[in-house]
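Input sequences plus hints: build the corresponding full structure.
Protein chains in written order, with this note's numbering: chain A, 447 to 701; chain B, 13 to 394.
Calculated from the structure, these hints are not laboratory results.
It is possible that part of the hints are untrue.
[Stated by the list, open to error] Partial chain A-side listing against chain B, Cβ under 8 Å, derived: (1) Val485; (2) Glu505; (3) Trp521; (4) Val537; (5) Tyr576; (6) Gln607; (7) Glu627; (8) Ala628; (9) Ile684; (10) Ala686.
[What the hints assert, rightly or not] Just a sample of chain B residues kept apart from chain A, beta carbon distances all over 12 Å, derived: (11) Ser69; (12) Ile102; (13) Asp175.
Glycine included, every Cβ here is placed at the ideal spot set by N, Cα and C.
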Amino acid sequence: MLTGTADLSSLVARLAPPTIPAWDHEPVELRGVDCLQLVAELRRPAREVTLPRGLHPTEPPALIIQAWKVDESVWGPFSICFTRLSCRSGVRARGFTTACVSDNDVAGDQLATRWGFPNREGGVRLRTHYDACELEVTVDGRPILTIAGIDPQALSTGSLQYTASLNLAETPNGLRLVQVEAAHDAERVQRVGGRITSFDAASWGDNRLEPYHVVATTLARDRTVRLAPIRFACLPEISAFEGTEVIETNRGNHE
Amino acid sequence: MRFGIFFELSVPRPFSPMAEYTVYANALEQCRLADELGFDFVWAVEHHFLEEYSHCSAPEVFLTAVAAQTKRIRVGHGAVVCVPEMNHPIRIAERAAALDLISGGRLEFGTARSSTWTELGGFGADPDHTKKSWDEFVRVIPKMWTQDCVEWQGHSFTMPERDVIPKPLQQPHPPMWVTVTSPGTELDAAERGLGSLGVAAVSYDEQERRTTDYHRVIKNCEPVGAVVNDRVHTMNFMYCHEDYRVASRVGLPMVATFNTLNAHLYWTREAHATDAYPSLGNLGQSLRLAANADDPSAAKGLPEGLGIGDPDHLVAVIRRWEAIGVDGINFVLNAGEVVSQEDVLGSLRLFASEVIPKFRSRESAASRVDAPTTLPEGIDPC
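Structure, rendered in structure tokens:
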């Protein structure tokens, strides 16, 4: 079966994985979150080469773009946007994070050092209207992603299921894919006609990423998003069946 | 209890014309042997673009070869995808009728709507509409088989008055089924008088609940066709060997390969939020409810009641399925060719000699397989 083929050192050089200095931490609850998710198919050459060997690509390969506009958190309000590649870890559906931009230093630092998001500071503007929505992400004032969504249609809140993320990070156990589980408590879910109007692939982790065919775009209003403490970390070059470590968060740094 | 074999036509990498040829040739040899040994059904799926997992995108062609090379075994189209972007309903009715004629009235006709984004997206089909088109197709296809003239104005297609030909050999028409993966689909089947064709492994308790509900509902069904098919079949895996340890050593990797390939499919819900697909594929509820649901090191759990073991074990397992109302079990024999062809054929022979006779007489294994249909006079049922 297919596995990723990315050279790990190249991946590290490209993604600049953050450092998680210690495992033990508490969950965090974000309140009043607008969550935009766009899934787009990628060109086939990106299928294996963008993933580490421990992960399996999907067919077709797909890029998942998520943006959160958070009204309240212990770090204050903030917005974040991150991109992930659809994949399998063992038999589980996951998204491998390739890049992340947030507009709040404190939140970005916490998300990097506690959950391994490869955060960069930038501008993330998610605007929602009754008829449309827009997302613009900038770094150093330069737009690296814009998405336009129109014609929202209501779905049931149970219709949307997010996959957990795998973030490459230096951890107390070494370089690992940490599994980030975000529980969304949605009060409203809409599907919108989404379109990527600009996308700078290199800024999102790999210049071979070409999200050429949008599958679906959703806009959800979450009462809360709860980020759980990390429970699992996987060796990036070994199948998750053999290379998964259970993180015992209440006892400090253990496998 | 009836016994079938079930083909996804899984092809291991690296792909080559010879690799696909070998899988097809092996499968046809297995069908010929199964026919000789008294198995009752051969089912072939319809899947598109599912690399490794299933290279069975033209099952009607494969099944035509099966029909031509066998005499008694029933030929299961399991299942035709009832989505107009993939199959026009008129073409489905025509092909199925032709297959029923060529097989001498041995067609079992399964229906489905596809579960993966890989397939639906590849054909440009809208996941929101597949349940509607499936429901429309299962109502109109039996009309095409039984009426001289059909006119239709529906959600997914319209047609002026035409006589769809040929007509099937079985009277009133071939038995119809629905593939069942998600909980609740068995009730869709029951309400329409269609057979329940399980294509995902479930626990004994879950199957018993589904079977009980199915039989309760089908008693008051409004059949979409001219015949009610009230049979419940499940899917399983088979590797039978005198030595249980050998059976496990050879058979369980096949199950693991199948399950892993299945879990790697790109399910519709994951890519395309919709109310029409309730879960992320066959992994579904049982996995999410498990204690280790999020642990990536946990393999997809082995289902209960596997057909892997020595003959005595398999007899015990099948008796358990029989006790909860299952009428037939269709066995996957291989996945990714991890079991050698010699071992697959040996397993079939041992199963036929030691297991099947515990469930029926040798005479019945030579007569026409039970079906809720009849054949015109003059047709040899075997």
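Which numbered hints does this structure break? Hints 3, 5, 8 and 9 not satisfied by this model.
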